[in-house]
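Just so you know, the protein sequences line up as chains A and B, in that order. For the first sequence, counting from 1, position 330 maps to 334 in the numbering used here; every step adds exactly one. For the second sequence, counting from 1, position 94 maps to 98 in the numbering used here; every step adds exactly one.
A hint or two may mislead.
Identical chains share a label here; the pair holds if one copy fits it or two copies do between them.
As the list claims (entries may be wrong) - Keeping only pairs whose Cα atoms sit at most 25 Å apart, straight-line, the calculated DSS-like set for lysine-lysine is: (1) K144 <-> K38; (2) K80 <-> K144; (3) K55 <-> K326; (4) K154 <-> K51; (5) K144 <-> K239; (6) K80 <-> K55; (7) K80 <-> K239; (8) K154 <-> K332; (9) K268 <-> K239; (10) K38 <-> K326; (11) K51 <-> K268; (12) K80 <-> K268; (13) K80 <-> K154; (14) K239 <-> K332; (15) K245 <-> K38; (16) K239 <-> K326; (17) K55 <-> K254; (18) K51 <-> K245.
Keep in mind that the hints were calculated from the coordinates and are not lab data. Since this is a predicted model, take the numbers as computed values, not measurements.
Residue-level listing of the chains:
2 protein chains.
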Amino acid sequence: MTNSRFDVVGIGNAIVDVLTQTDDAFLDQQGLAKGAMTLVDEAQAAKVYDKAGPAIECSGGSAANTIAVMAGLGAKCAFAGKVRNDAFGRIFAHDIQSLGVHFDTAPAEDGPATANCLVLVTPDAQRTMLTYLGASIHLKPADVDLEVIKAAKVTYLEGYLWDPEDAKAAFRTAAQAARAAGREVSLSLSDPFCVDRHRADFLDLIEGHVDILFANEAEIMALYQVDDFDAAVEKVKGHCKVAALTRSEKGSVVVSAAGVEAVKAAPVTQVIDTTGAGDAYAAGFLYGYTRDEDLAACARMGGIAAAEVIAQIGARPETDLKAALALKLRNWDAAD
Amino acid sequence: MTNSRFDVVGIGNAIVDVLTQTDDAFLDQQGLAKGAMTLVDEAQAAKVYDKAGPAIECSGGSAANTIAVMAGLGAKCAFAGKVRNDAFGRIFAHDIQSLGVHFDTAPAEDGPATANCLVLVTPDAQRTMLTYLGASIHLKPADVDLEVIKAAKVTYLEGYLWDPEDAKAAFRTAAQAARAAGREVSLSLSDPFCVDRHRADFLDLIEGHVDILFANEAEIMALYQVDDFDAAVEKVKGHCKVAALTRSEKGSVVVSAAGVEAVKAAPVTQVIDTTGAGDAYAAGFLYGYTRDEDLAACARMGGIAAAEVIAQIGARPETDLKAALALKLRNWDAAD
């Protein structure tokens, strides 16, 4: 994997997060399923926001978070996703471009507002999300620059991208172009409910179109409709080159032709907000992968990036992640 | 001070902060005076924002922060300030209303956008601010509900409100109505540069129109154009009922008819971002004041609120400030 202008290009919903701290009683009152990402329209989002506490706003989006974290580590990245030319759209573009990420998807000049996600964080650090897809639904194949896809070692796609109707075509176009150029394709399953909504499509994609699959325990079990993690591991074998399966405090399991390898979790001092843990894991993993690290090292890097992100509010690290990664990789070896 | 619907009503610029971490080299490149608040137009603000790193957005404004912190402590508060009916305006209104603050200033339906402040935080926890006043400049006397002023024990005004031309009249109207109703008026000097811009007006106001004055060392010295804090303390004597003068890690000094009392600073574990320290001090102080605490207790409460705010990013505490205040007041006594 040499002569690449980009390490990874991500394609996903371009979202601004609205983060607020709340409690279980509020989730109950609003009839929200804790831990889930629910798609809502603008009115439904406003109804809950009006009753929620003070919030902070920051750029989000699953694949966009992964790309932002990778850029923070020093990787060369690009991103494609649709915002509208409005206040949130300008925030999204500023934040990702200011990290050195190539992002030039033309913003929509009319139609729905830039997507936002109301993230309700409970004291147990769980996040419950209400997503208004807004302008994201207008991402079309023409928005994906195939020259960028061909120039990237890995094209990374979030499962959530399967929700907006038009974006599916963009998703397929990108994946085909990447593979035709001899590049690799990576998919994150995003969320067990997202898997439920698109199971057949995801199974089809993983069968021969995806090289590196990311999923957590709940997502991979939902994909294969089994209630046991080990059964899911058996099912995924042979369907993609690498499956990196995350298990929170139990670490992660990497399934490949070389076998099944379990890697312990990175130490975490304090869990504040689990928003973006999976996104950060994928970032650390792909950072190692595009630098030809072995799969266990990739999994360690993923775990360290996730540990940094869950120790703070929000999905993109405020800390110097590059320094944290170097330090923790050293300590990791020392602890073994 | 009984039979009051509100403890404090604040009047100030209604601003959304755009917070980003930066370094001294960036401030130098942009020709920015470190630690100062500079008024800029939309184009100047955009020029610096475009070159700055990723940011988070949250409600700000000096008096608005004070009111938000007081509301978090359990005080009954109101706020008046002008936003536009746009994305940032809706964020501002949501955040302050969701704290239980009475805020019903009608948003502007056209004209400049909601005010924003680009807050550049350096590793030494100093903040350098670029403020675009936007819709704030349209706060007019008619926007101040005199029934609310009359119903509040204290009307709190930020010095920054003297910058937008029309707001001065609103400022004077509110102060006169408060005093006519037998209520008290409090003024924060906001910033030494703000004092330089409006020295004569502030000196005139303090002479007989202000009961409780808040200023830090630099501001009170700028007001009296002296280069020694003790000289400034001598100058302020007799001009207002109470002057609460903050001195960062040296604590605060309260000047009143009872004399001059120095109160040590509250312990701080880690200074991350000094944005809002003065606003939080005023909140803690006025919380005690409107509960008839003695002035030394008010100063302790101010110091504790400030210590909480500087240990995090942003000007409004993410923590349960009420619990922190109770705990730290107990520890304070134990430590003496």
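So, going through the hints one by one against the coordinates:
1. K144 <-> K38: Classified as neither; 32 Å inside a copy, 45 Å across copies.
2. K80 <-> K144: within (24 Å within a copy, 50 Å between copies)
3. K55 <-> K326: between (38 Å within a copy, 21 Å between copies)
4. K154 <-> K51: The answer is neither: 43 Å in one copy and 33 Å across copies each exceed 25 Å.
5. K144 <-> K239: neither (33 Å within a copy, 68 Å between copies)
6. K80 <-> K55: between (41 Å within a copy, 19 Å between copies)
7. K80 <-> K239: neither (34 Å within a copy, 59 Å between copies)
8. K154 <-> K332: For K154 and K332, neither the intra-copy (33 Å) nor the inter-copy (59 Å) Cα distance is at most 25 Å.
9. K268 <-> K239: within (22 Å within a copy, 65 Å between copies)
10. K38 <-> K326: neither (32 Å within a copy, 27 Å between copies)
11. K51 <-> K268: neither (41 Å within a copy, 46 Å between copies)
12. K80 <-> K268: neither (28 Å within a copy, 50 Å between copies)
13. K80 <-> K154: within (14 Å within a copy, 60 Å between copies)
14. K239 <-> K332: neither (33 Å within a copy, 56 Å between copies)
15. K245 <-> K38: Neither: 33 Å inside a chain and 52 Å across chains, both beyond 25 Å.
16. K239 <-> K326: neither (35 Å within a copy, 52 Å between copies)
17. K55 <-> K254: neither (36 Å within a copy, 41 Å between copies)
18. K51 <-> K245: Close neither inside one copy (44 Å) nor across copies (46 Å); limit 25 Å.
In terms of the numbered hints stated before, the structure departs from hints 1, 4, 5, 7, 8, 10, 11, 12, 14, 15, 16, 17 and 18, listed from lowest to highest.
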